[in-house]
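Please model the complete structure; the sequences and the hints are all you need to start from.
Taken in order, these protein sequences are the chains called A and B.
Letter by letter, the first sequence follows residues 1 to 87 in this note's numbering.
Letter by letter, the second sequence follows residues 1 to 219 in this note's numbering.
Simulated from the structure, these hints should not be mistaken for lab results.
Only true hints are included.
Lysine-lysine pairs mimicking DSSO-like chemistry, simulated, CA-CA at most 27 Å apart:
#1 B/24 - A/26
#2 B/193 - A/81
#3 A/70 - B/193
#4 A/11 - B/105
#5 A/22 - B/105
#6 B/191 - A/71
#7 A/71 - B/92
#8 B/24 - A/67
#9 A/19 - B/27
#10 B/105 - A/70
#11 B/105 - A/81
#12 A/81 - B/115
#13 A/70 - B/24
#14 A/81 - B/27
#15 B/24 - A/19
#16 A/22 - B/115
#17 B/92 - A/67
#18 B/115 - A/11
#19 A/19 - B/115
#20 B/191 - A/26
#21 A/67 - A/11
#22 A/81 - B/92
#23 B/90 - A/81
#24 B/191 - A/81
#25 B/90 - A/67
#26 B/92 - A/70
#27 A/22 - B/24
#28 B/24 - A/71
#29 A/67 - B/191
#30 A/70 - B/191
#31 B/105 - A/19
#32 B/115 - A/26
#33 B/28 - A/26
#34 A/22 - B/27
#35 B/28 - A/22
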Amino acid sequence: MNNSDNNTKPKDPFIEAEKLLKLHAKGLGIPAGATEDFIERSITAAKKALKNKTIITDADLTRTISKELKKYNRDLAYIYKNYDIII
Amino acid sequence: MVIFCFLQIPSSVFSLFYHFRLAKTSKKQADDAALSFILGVEIFNTIMWLLTYIIIFCCQPSFVSPLFLWLMVGICLAEAVAAFFFYFRKDKTSTATFISRRIAKCLASRSQTIKSRSDAITLGFISCLPELLFTLPLYITCSAFLQNENALPRAALIIIAVVIAVVPLFVIRAFFRTDHNLAEIQRLRVKLKPHFRFILLLAYIAATISLIDLAIINM
Numbered sequence: 001m002n003n004s005d006n007n008t009k010p011k012d013p014f015i016e017a018e019k020l021l022k023l024h025a026k027g028l029g030i031p032a033g034a035t036e037d038f039i040e041r042s043i044t045a046a047k048k049a050l051k052n053k054t055i056i057t058d059a060d061l062t063r064t065i066s067k068e069l070k071k072y073n074r075d076l077a078y079i080y081k082n083y084d085i086i087i
Numbered sequence: 001m002v003i004f005c006f007l008q009i010p011s012s013v014f015s016l017f018y019h020f021r022l023a024k025t026s027k028k029q030a031d032d033a034a035l036s037f038i039l040g041v042e043i044f045n046t047i048m049w050l051l052t053y054i055i056i057f058c059c060q061p062s063f064v065s066p067l068f069l070w071l072m073v074g075i076c077l078a079e080a081v082a083a084f085f086f087y088f089r090k091d092k093t094s095t096a097t098f099i100s101r102r103i104a105k106c107l108a109s110r111s112q113t114i115k116s117r118s119d120a121i122t123l124g125f126i127s128c129l130p131e132l133l134f135t136l137p138l139y140i141t142c143s144a145f146l147q148n149e150n151a152l153p154r155a156a157l158i159i160i161a162v163v164i165a166v167v168p169l170f171v172i173r174a175f176f177r178t179d180h181n182l183a184e185i186q187r188l189r190v191k192l193k194p195h196f197r198f199i200l201l202l203a204y205i206a207a208t209i210s211l212i213d214l215a216i217i218n219m
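Here it is as C-alpha cells:
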C-alpha cells in the first residue's frame, strides 16, 4: 500500500531540479559552498517568477532556472539547460 | 572506417557518464569506469565486425554478387544524405541526434545511475545499438571489401577498425583528465557539429564510390 502511494505521489519539480543541479555542479568541479548558495538563490528566484503560472512545464522550469543560474555560473547554467539535448 | 569516429551517440553518452562519475566518485574511479565503458564499445564493435565478416564469408558468392553490391551502393548513398540532413537534429545549440527522445532520456538517466564496472560495460555496449541504422551497412560493406584481402592485412584492418571507433572516447577522456569539464567539451562538440556532418557526408560518398568500383569490377 505504502509502496504504491510512494509511486503515485507527484515529485516536487523544484526539489528534483535542485538535486540535478547539485549533481551537475559536483561533476563540473564547482566548490560545494558556493554551489549551495547560488542554487538556492536561483531556485527561489525561479519559484517567484513562476508563482503566477497555473501549469509549470519542464521547459518553463529549465528556462527560468538556467536564466537565473547564468548570473552565477555559466557552465552550470549551460549544462542544466542542455542536459536533455546532449544525446 | 573514418565514419565510426564521427558518429556521436557513444561520445555523447560517454561524456555524460564521465561527468556523473566525476560527481559521484574520485577522479581515479571515474577514469576506471570510463575505461569499462570504452571496453563495452570495443566489445560491441568486435562482435559486429566478426559477425558480419563470418556471415559474408559463409555466403560469399551471393554477398559479393553485383546485385548485392549495387544494393549496398544505394544504401550507402541514402546513408550519406541521411547523415548530412537527419543524423543531427536541427537545433543549432545541441548535439542531439536522430534517435527518439525517449531512448535519449533513457541513455542519459542510465549514465547517471550506473555504479558498477559491468554496468558501465553494458552502457558502452548499449550506446552503440541506436546507431546501427548508420553503422550496419558499413560493417557489411567493409566486410565485403575484406574478403579480397590476405589473412594478415585482413586481421590488421579489423583491429584498426575496432580501435578507430573508440578514438573519440579517448579524446573526451583526455579532455576530462586535463581538467576540462562537460560544459567546455559540449561547447566544443556543438562548434564542431557542422564539420562532423560534412565529414560524414564525404565519408559515406567515398564508401559509395569504392562500392561502385567494386561492383564494376565484379560485373
